[in-house]
Structures are given as structure tokens and as C-alpha cells.
Amino acid sequence: MIQRPRGTRDFPPDEAFRRAVVRERMARVMERWGYQEIGTPTFEHLELFTQKSGPGVLEEIYSFKDKGGRDLALRPELTAPVMRMYVSEMQNVPRPLRLYYYGNCFRYERPQKGRFREFWQLGCELIGGRRADSEAEVISLAQSVTRSVGIKGDLHIGYLGLIRTVLRKLAAEDRPAIMRMIDKKERKPLAERLEAIGADHLGLLELIDSKGRLALDRAAEMAEVLEKMPNRDGPASPIPSAASEGARSSAREGRAVEAELGLPDFEETISLLDGYGVDYTIDFEIVRGLEYYTGTVFEMYASGLGAQSQICGGGTYELISLLGGAQTPSTGFGLGFDRILEVVTGLPPRRPPLVMAFTPQVRKEALAAARQLRESTAVVTDVMGRGLGAQLKAAASLGAEQVVILGEKEVEQGVFILRDMRSGEQRSLSMDELIEAVGRGDFSQAE
RNA sequence: GCCGGGAUAGGGUAGUGGUUAUCCUGCGGGACUGUGGAUCCCUCGAGCCGGGUUCGAAUCCCGGUCCCGGCCCCA
Numbered sequence: 001m002i003q004r005p006r007g008t009r010d011f012p013p014d015e016a017f018r019r020a021v022v023r024e025r026m027a028r029v030m031e032r033w034g035y036q037e038i039g040t041p042t043f044e045h046l047e048l049f050t051q052k053s054g055p056g057v058l059e060e061i062y063s064f065k066d067k068g069g070r071d072l073a074l075r076p077e078l079t080a081p082v083m084r085m086y087v088s089e090m091q092n093v094p095r096p097l098r099l100y101y102y103g104n105c106f107r108y109e110r111p112q113k114g115r116f117r118e119f120w121q122l123g124c125e126l127i128g129g130r131r132a133d134s135e136a137e138v139i140s141l142a143q144s145v146t147r148s149v150g151i152k153g154d155l156h157i158g159y160l161g162l163i164r165t166v167l168r169k170l171a172a173e174d175r176p177a178i179m180r181m182i183d184k185k186e187r188k189p190l191a192e193r194l195e196a197i198g199a200d201h202l203g204l205l206e207l208i209d210s211k212g213r214l215a216l217d218r219a220a221e222m223a224e225v226l227e228k229m230p231n232r233d234g235p236a237s238p239i240p241s242a243a244s245e246g247a248r249s250s251a252r253e254g255r256a257v258e259a260e261l262g263l264p265d266f267e268e269t270i271s272l273l274d275g276y277g278v279d280y281t282i283d284f285e286i287v288r289g290l291e292y293y294t295g296t297v298f299e300m301y302a303s304g305l306g307a308q309s310q311i312c313g314g315g316t317y318e319l320i321s322l323l324g325g326a327q328t329p330s331t332g333f334g335l336g337f338d339r340i341l342e343v344v345t346g347l348p349p350r351r352p353p354l355v356m357a358f359t360p361q362v363r364k365e366a367l368a369a370a371r372q373l374r375e376s377t378a379v380v381t382d383v384m385g386r387g388l389g390a391q392l393k394a395a396a397s398l399g400a401e402q403v404v405i406l407g408e409k410e411v412e413q414g415v416f417i418l419r420d421m422r423s424g425e426q427r428s429l430s431m432d433e434l435i436e437a438v439g440r441g442d443f444s445q446a447e
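In terms of my numbering, the first sequence opens at residue 1 and continues consecutively.
I should point out that these hints are in silico values taken from the structure, not numbers from a laboratory. Here the structure is a predicted model, which means the values were calculated and not measured. What you were told as hints is all true, and nothing was included just to trick you.
In silico DMTMM-like pairs for lysine to aspartate or glutamate, Cα to Cα no more than 25 Å straight-line:
| hint | residue 1 | residue 2 |
| --- | --- | --- |
| 1 | Lys211 | Glu192 |
| 2 | Lys152 | Asp14 |
| 3 | Lys169 | Asp183 |
| 4 | Lys113 | Glu15 |
| 5 | Lys211 | Glu224 |
| 6 | Lys364 | Glu433 |
| 7 | Lys152 | Asp209 |
| 8 | Lys228 | Glu173 |
| 9 | Lys184 | Glu59 |
| 10 | Lys409 | Glu433 |
| 11 | Lys152 | Glu15 |
| 12 | Lys65 | Glu77 |
| 13 | Lys185 | Glu109 |
| 14 | Lys393 | Asp382 |
| 15 | Lys152 | Asp283 |
| 16 | Lys393 | Glu425 |
| 17 | Lys113 | Asp14 |
| 18 | Lys188 | Asp283 |
| 19 | Lys152 | Glu285 |
| 20 | Lys211 | Asp154 |
Working from the sequences, and respecting the hints, build out all of it.
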């Protein structure tokens, strides 16, 4: 017997239905905010991903050569493809662009709870807006989307400008280790290291330990001090444009990303969030590793997912120039669709179809009637050559709520019997009355 | 790439060296060609794969595959 490839899943009817309902609800929220769905290819040139994330991603990417010798890769995420699409065909569309996507992605990783080799992401990108406004909108949208399926995620919002500025007061060789320890929450080693390099007075530890409003106050105090301090590597270098440096470095290879302190911008974002009524925690511990994030970053967590509790991640980044476009800020997030399905509860069950039961003599009439009823609801008919009794039995085990019964008598009188399977109550109805009675019972009503 | 636990009919399971491989459920058929999920009867259907040990392996050993959880990583 042939098995499924490791880390992939089959979705039986009930599960596929749940996924469709959740996807549908979340997409509807995106649409309400004016975001338009786009689609990109399942595979791309490998270079797109190495350019964005560095050669390190090769380990976890499904890459291959096609018959023409091209290096291709199954997409491991969707932000880079969306940005590629923007650069190659949407740069002249009026800004801002509000886009969303849903698609499967592939990573060669060890499967565990909430982690698969083929997984689905749903996300959005807001391209070319003013920073604080865009961030507030996107963060609010993220919360709105997850809440639309009944998930109350724990939203943490951080800001990289401050930490980057602190790091620039340190010797360049110390920075990666410090960054890593923050990300890993290795508090003790971090404290020791900061002390060892004489940086414990900068307030970094206190900053990442503070959460919420307190953190913002602390950040403001720090910013005042930091602004007066010289950087160890001179003034901040602007983001290099693709043209100016040959466009081949990856975001991960230590490109100088804007490191302006910019705390007022972050404060503006935060204050707008209050306008949106977003529920959040300020948390400077979020660093999201990547160098292409330029300012605000955020993540959402949900309980019940074991080691993989993060269901959403996003922020503001500068990727477009890296892919050869004009420098354009973009804010977005990606949702781990599969993880969301793990924690979502209380979805309505699929509505069972109407069963059209008939005696053998009037099969054709029954099929014709079924065809008419399908204009307004889901209808199934027997294909097993069963007798009427057996058809009723089958309808019952399907969970059918209503059965239409048709025999010679009914055909002669031009009526149909509508039987309510719960009560056993039966009524004789004309086709028009029948259509009226069964109402709309299709897929969309189940949501 | 690393660590731990697993894998027996479609689903759920019992069995720890010799059984006709257990039971529940399911599927299909029948009792039942004008009205229900009940009942009864019949049928179908399994020890992940490959080696090894043994007179004999679902059971013990080795390798692989896949699943579950964790580490690493998480764009």
C-alpha cells in the first residue's frame, strides 16, 4: 500500500468542510477591510527564497531542478512570492495595495504538533501606506480575523528600532549573540554577557522584562539616553537600494537595515491601536529574527498547541527593494492556518443533504424532481437499487433531516411527500410548495 | 539532524514465542420492492516493510518507513 508522504495530511469530508468554513470566514473579514485575494504559483525560482532569507533556508526547502535545468523550489512561505508579484506586475497600481492570500506551503522539517511539511498560510500585505497607520490597520485586522473564528489569541507587539539602536552601541561582533539570546529568552546568559561586555547599564534587560505600558515608559526613558550616545559604527546607513549594491545580498547576510530609533512612530501605532480597540501587550522581546523587518513586529499565540503556540506573525518590512523594486514599505502578517484549525471550536456541522426516495417505477420522475430541487438545496438519490424501505434507512444513517418520497400514487396526483425525519411528520406538496418548504439548505447556509 | 513513545481489518482494540488472531464498530447482502437509525442471520476485512534468531515470530533482535510528542529550527 502506498502511504502518504511524511508530514502531509489527507482531509476527509468533515475536516475539509471545517477548513472551508474557517477559510471562508477569515477571507470574508479580509474582504470587509478592502483586501483583495491574489494567488501565486506553488513553485518559484529557488533564488526568490534564498534572496529573501539567505542560503540557510536551503536546508528546509523542497527544491529541485526541472527538466530544463532550472533551480526551482516549492514555496516555503508566501510573503516573498507576493512581493515578487508586486514588483513584477503591480508597481503601477495606485497605493496603497491591500492584498490577501491563502495557499499551501512546504518546508522540509521534522513534523510535530502543529507543524507539517505541507501546511497552509493565510495572510495579508498592505503595501505602500504610511507606517503607523498601516501597522495599526494590519494588527487590528489580524485580531479581527482570528476572532472571526472564535479564537482569542494573545497578541504581543514589539518594536525592533529600539533594540537595534541599543545593539549599535555595542561592538559589532557582540550583536548576533545578544540578539539570539533575546530571541531564545536565555535570560541568565544574556545578563552575564551584557555585564561582561560592559553593556548592562543600557537597560536592555529591563526593557525586555517589562511588558505592556510599563515597557513603553521604559522605552521612552531609554530612548532619551540612547539618542545622546554615539554609535559604535557611525551614523545609520540607509537601506541600500537594489540598484546601488547589485541586489544580490540577502536580508540575512547582515545588510544594514534602517536602524533609526523612531520610537515616536511606534508610539503613534500604539495609540492608533487603541482607536481600533485592539487588545494587546507591548513586548520588546519579540525580535522575529529577520533582518528585513524594519520596525514594529507582532505575534499571536494560542494555548492548546504544545510547543508550537504561535499562530500569527507579522510586521513592517522592506523587501521590495531587495527584489529589485523601488523602496516601498509593506506591512503584513501570516496566519498558521493549520494551527488555527487545531484550536478552533464550535463550528456548525455540515448540513446533511435532502434525500429523494422513490419506488423503481418512478425513478425517472424522481431524478427529474431531484434536478429541480438542486437549484435550491443539496439532494441525493439512491444509486444502489435499493427498495424504498432501505432508502429510508440509508437516509436515516446519513443524518438526513428531510426526505422526499415519490411513488406511483404521487406521480399520478402530481404531488411529493415531504417527510420530516425527526418527527416523522409527512405532507403532500406540489413542486412549488416543496421548493418553498426545503428552502435554501446548501453549503453557504451552514456557516 | 537529535531524543522518547508508538504501528494488529475502513475506525477503535485484545493478545508478550505455539490461538482457527479477540471483541466493538463499520461496509456489503438477507429477513424487508410503499416508509427509519432497532433486532436477527450471513458475508467482507488485519499483525507497517525488509532481514535475522527459532522447530515455530504479531510477539524477541537489527535496519527502514510512517505516526505522536519534544529538541534544533521556525523565513
